[in-house]
Amino acid sequence: MTSVSVRVDRELREKIRRYGINVSEVVRRALEEEVKRKEEEELRAALRNMKEILKKIPDEEIVRAVRETRDEE
Numbered sequence: 000m001t002s003v004s005v006r007v008d009r010e011l012r013e014k015i016r017r018y019g020i021n022v023s024e025v026v027r028r029a030l031e032e033e034v035k036r037k038e039e040e041e042l043r044a045a046l047r048n049m050k051e052i053l054k055k056i057p058d059e060e061i062v063r064a065v066r067e068t069r070d071e072e
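Counting from 0, one number per residue, gives the positions in the sequence shown under numbering that gives the first Met the number 0.
FYI, nobody ran anything at the bench for these hints, they're computed from the structure.
Estimated spans, in silico, between C-beta atoms of each pair:
#1 V7 to R36: 20 to 28 Å
#2 A44 to E67: 24 to 32 Å
#3 R47 to D8: 39 to 47 Å
#4 E60 to S4: 51 to 59 Å
#5 E38 to T1: 18 to 26 Å
#6 V25 to E59: 52 to 60 Å
#7 V22 to V62: 51 to 59 Å
#8 T68 to I15: 53 to 61 Å
#9 K55 to S4: 45 to 53 Å
#10 V26 to R66: 47 to 55 Å
#11 E10 to V34: 22 to 30 Å
#12 K50 to R9: 47 to 55 Å
#13 T68 to R36: 32 to 40 Å
#14 E10 to E38: 32 to 40 Å
No residue lacks a Cβ here, since even glycine has one placed at the ideal position from N, Cα and C.
Kindly generate the complete structure, drawing on both the sequences and the hints.
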């Protein structure tokens, strides 16, 4: 594990204490969700790129490749 620091104003810190918020858990969860969101964004972009590439390949070529793959099994 590694540590991350964040500065918050005094008023927010007081509210965090008043409500007993576990800052570490909230920050960890928020960061995990943000990383997951970014990974999904990256995957969507890769899929869009693949779609563009695949559009350039004739359907017959794809069918042939699938049949060859099946024959290898």
